[in-house]
Amino acid sequence: MPGAEPIESAWVPQADLRGARAIPAVLVAGADEGELHAEIARMASELADGAVTVTCIDPEPGTLLDDYTVGLLTYGIPGFAVDTSGALHLSLLRSCTGWPSGVWLDPPRRQTPDGSAFQLQHWTHDFSYSLVAGAGDWRRQDLVSRGLEHSTPMLVRVADQHGGELPATHSLLAVTPEREVQLQAVKLNGNPSAAGESVPLDADRSLTVRLTEATGFARTAQLFSPLGFAGAHRSDLLESDVRTSAYDAGVVETDLEGAQIATLVLEPEGTPGGDPALGAVVLGVDREIAQPVYSRYWLHNRGPAPMGFLPVSVSVSPTAVRAEGGAVAAQVVAEVTVASQLVDADFIGMLTIAVPSGWSCEPVQRPIQLAPGGHTTFPLDLVVPEDAQPGLSFVRVQLSTGPGDVTEDVLTVLVPGSDLDDAVPTRTGPEIAHEVQLQGTTSERSRVQGLEIDCLTTQLELAPGEAGVLAFRLDNQALSDVDGELMAISPWGTWDLVAEPISGFSVSAGSSADVAIPIAVPVAAEPGEWWVMVKFMWFGRVHYSPAVPLVVRSR
Amino acid sequence: MTSDAHPLAEPARVIGWVDGQPVSLDLLELRLAVLRSGPGAAALPREGTQEARQLRRWTAHVLFTELLCLATAGRLAIADSAAAPLDALSAVQLGSITAAAWHGCPAVGAVCRTLFPAAPVAAHPASARPPVARRWFRVSHSLTPDGDVLVGSLQPMGWTTLDDLPTSVADALRDASRGELVGPVASPLGWHLARVDDIQDRSAPALVPDLGDQLREFTLWLERRRTESLSVAAGFEHPGDPRQPDNSHRH
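Chains as they are written, first to last, in the numbering used here: chain A, 1 to 555; chain E, 1001 to 1251.
Warning: the hint list may mix true and false statements.
[Said to hold, decoys possible] Label-pair ranges, simulated between beta-carbon atoms:
no., chain 1, residue 1, chain 2, residue 2, range
1, A, THR442, E, SER1248, 25 to 35 Å
2, E, ASP1175, A, SER357, 33 to 43 Å
3, E, ARG1046, A, VAL448, 27 to 37 Å
4, A, LEU72, E, SER1248, 34 to 44 Å
5, A, THR442, E, THR1049, 49 to 59 Å
[Claimed, not checked] Only some residues are given here: those of chain A computed to face chain E with a beta carbon under 8 Å:
no., residue
6, MET350
7, GLU362
8, ARG366
9, PRO367
10, ILE368
11, GLN369
12, PRO379
No lab work stands behind these hints, which were simulated from the structure alone.
The structure presented is a predicted model; accordingly, all values stated were derived computationally and were not measured.
No residue lacks a Cβ here, since even glycine has one placed at the ideal position from N, Cα and C.
Just chain E, with the same shape it has in the complex:
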């Protein structure tokens, strides 16, 4: 990216060039006008401030990102199918500019999905089977230091997979049937008496494919694309570019 004078320079009307094509200032002004009349307008920085100039740069780069992806989609005939909205983690991984472009322009997500298809969920032998059901136990329980336990003192302990109980108690309960009294069983805490009140088999949650690798590849591709095919006019440098005057860290 450079801000040097471009052969087609029209400083007043052009904010940058994507694949050599000028990007009109009107497009950016329209974007900003939409933002400033939208529901979040009250949270935007006041016109004329350093923060407002940073917002202007940020919006310009959202626009550049969209145009870079639209150009690629056009060249490769990628259809604009609506992309799934990003979850919070993915949005953070992409950064605010790319995440905003993703949500504002279907071509961004479409290019990502087409160029970097999600890796299939690991074909681990275990995942070939349907999700394993976990057995949950509803347990009543009492504890005394000396083993002098009264059945009447049992109190409900709630649902547990037994994995978070003292090993000796869990082992005794695992094979118990509904209503069966177990114990006294010793643990470092004292003597336990327990009863299984209910048993349920609950299925494990389905595996969610990890977007991390896909998004990382997409980000690297986008960085290359920006380096090769984007030049910006003076005043529209990246908001995080330390060479531009509004990117200063102040207390």
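Bound-form chain A, shown alone:
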């Protein structure tokens, strides 16, 4: 039943659409209640294929629309809206200029080279889209799979021509119906580190795959692999539940509702094999680059827990003390706690405590064994001799948690009388008014932390194909060695210029060390102006370098 006026003039802002003929409507009618219910059921069953056939009394005054779809495929944007004129509005960038992203909190105040806050991105941005159109609705146009293909371009490598037995086209895992059912994820089954299990995944375990139905209609998915399957079952998001079998005589098959997200666990029949000469290849990074790992990682404003989620951790409390013995030796009493969240194995490891020479400590080393879920707390008795040199020292409580893996907490001890007395203040300063706090820091100096960090590079200007370094001088004013972690931070679009953004750094007690971070501009890089800064983290302290201009010249 057509509307009283064309839909284009009825469908306007603030429209009152309550009238029976305000917009076109489909009327479902029956002579009595039973017939009406039968008509509704018939229409509902027709909807299963997305189209309902109805008789139109009189298309006037409305106009029939063409069965045609236009889509804009994007790389991902903050938002969009279509207005009543049919115009499509796209928001391209979104930046927060208020608290907390628009202000800087850790002294000294940092800003981008043009003086703006770090969420403002005052440079040229390229946006790429694909405009697609064709007959039929979004399903016939495969918009879901075409969108995914646009935003996930195929990874291409140039390889030499070579012989071999493998076919020109090969698929280790394939799903049908192609495009209508999407393979979203493939991984080894299980998440041992999330549950505190000590046994790592091995490649012989079953695979978890996640499928999504992309057309909105029920489909039957089949999975294929040259390895063959020995079994498969449906599971849940956590991959642990074993539901019904999806396997029958070598075929893995599952029914999907429209838009269903399904998790399957597959048992491959064979193993990929591969070249035994290569041995077990570790893909990616499997342990923290900077060792030892500081156990109070949150103080480094570093985001998630270290790799492996620290199932066994060590802490010392308090973390900072002033040793004020005066003419006599100062006694410092702290408490060490080691806790295990492993669920299936005892933890056994060695705890060692490193103190400055001439100081005495009990314990200096202690073997630890903990039952699953166990913990222990014991005192750390430290004696700082009366002739201890004034300054900042670090007592390092280190727990070996695996081959090459050390987790540590650090007790900072200040012997007053040096320039670093403010590193362990006697009391907290006055509370800063809320309105002032909201403005962020205005300080031009960093806090007294015992490690002075000078940026030796004022600007990096490189042509495509050229390489340079971002250099720093680290001056350790403390009486103990410092081991920390650095991370180079730069905006999206520059990440492939910094091949190794994370590394460890070490500076011996009372000495200086230079740190250089390689910056290499790919040959195919586009010219532009960005910035790069480095965040230094050690023993619960953080220092951000200035943001150094990073300029890629045109060739």
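Following the hints, complete the assembly by docking chain E onto the known chain A.
Same frame as chain A, but now just chain E:
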């Protein structure tokens, strides 16, 4: 709780009704004046702001809670004995309004204790005996990968119950006497050599009764009491009531 007009409505002077009795606005103003002249005054929200109106509502509900408990205490002739201050966990379990009432008015704790007496500490067979003393060992220790250990390399390890040491080392030390050298003993870490330097028997800490069940029952009772016997005047709704205009979540 409703904010509909009450038969005794005197909007300007009454903030609510407890068991049908009007609660005077003067009482609330007095409370707020005490708060605003107290040591924490600097931390209170400025007058005229949304937060100040929320503080006003919060204080009103502390007052209501006290009056509800006072009425019950009067009816049941419960004596106002000073209640023990709440520990941090119990205060969080009760919520800020009830916790503030507990600390401001002895009747609140007295009603809780009388209506919901603490369950006796579980009569577990073990607790019938006096607290068991734990044996602590002060140990010196050294570790080498190959068992080639020198007694001179022993270093103090501090006090331990032995429960956190490698099982083999703990088993060897458990029966050792003071000054006795134990080892070399193997563990996954290597070879251990150890000596007990001192032994102490320390009593275990006394059991603390769990307040959780008692406070839960009290909270449920208080909720029932509020539903049945409290009505509030417009403007004095609970600060967390989503229907009142000042309870908005903003960034």
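Going down the list of hints, with the structure as the test:
1. Taken as a hint, the range 25 to 35 Å holds for the pair A:THR442 and E:SER1248, whose Cβ atoms sit roughly 31 Å apart.
2. Distance hint check: the CB atoms of E:ASP1175 and A:SER357 are about 37 Å apart, consistent with the given range 33 to 43 Å.
3. E:ARG1046 and A:VAL448 have their C-beta atoms about 35 Å apart, which keeps the hinted 27 to 37 Å range intact.
4. Separated by about 37 Å at the C-beta atoms, A:LEU72 and E:SER1248 satisfy the suggested range of 34 to 44 Å.
5. Evaluation of the 49 to 59 Å hint for A:THR442 and E:THR1049 yields a failure: the beta carbon distance comes to about 26 Å.
6. Because the beta carbon of A:MET350 sits about 6 Å from the nearest beta carbon in chain E, less than 8 Å, this interface hint is met.
7. With 8 Å as the threshold, the beta carbon of A:GLU362 comes within range of chain E, its nearest partner Cβ sitting at about 4 Å, so the hint holds.
8. Interface hint at A:ARG366: satisfied, since its Cβ lies 5 Å from the closest Cβ of chain E, which is below the 8 Å cut-off.
9. Hint on A:PRO367 holds. Least Cβ distance to chain E is approximately 5 Å, under the 8 Å limit.
10. This hint holds: A:ILE368 has a C-beta 6 Å from the nearest C-beta of chain E, less than the 8 Å allowed.
11. Satisfaction of the interface hint for A:GLN369 is found here, the shortest Cβ-Cβ separation to chain E being roughly 4 Å, below the 8 Å cut-off.
12. Proximity of A:PRO379 to chain E holds as hinted, the smallest CB-CB distance being about 6 Å (cut-off 8 Å).
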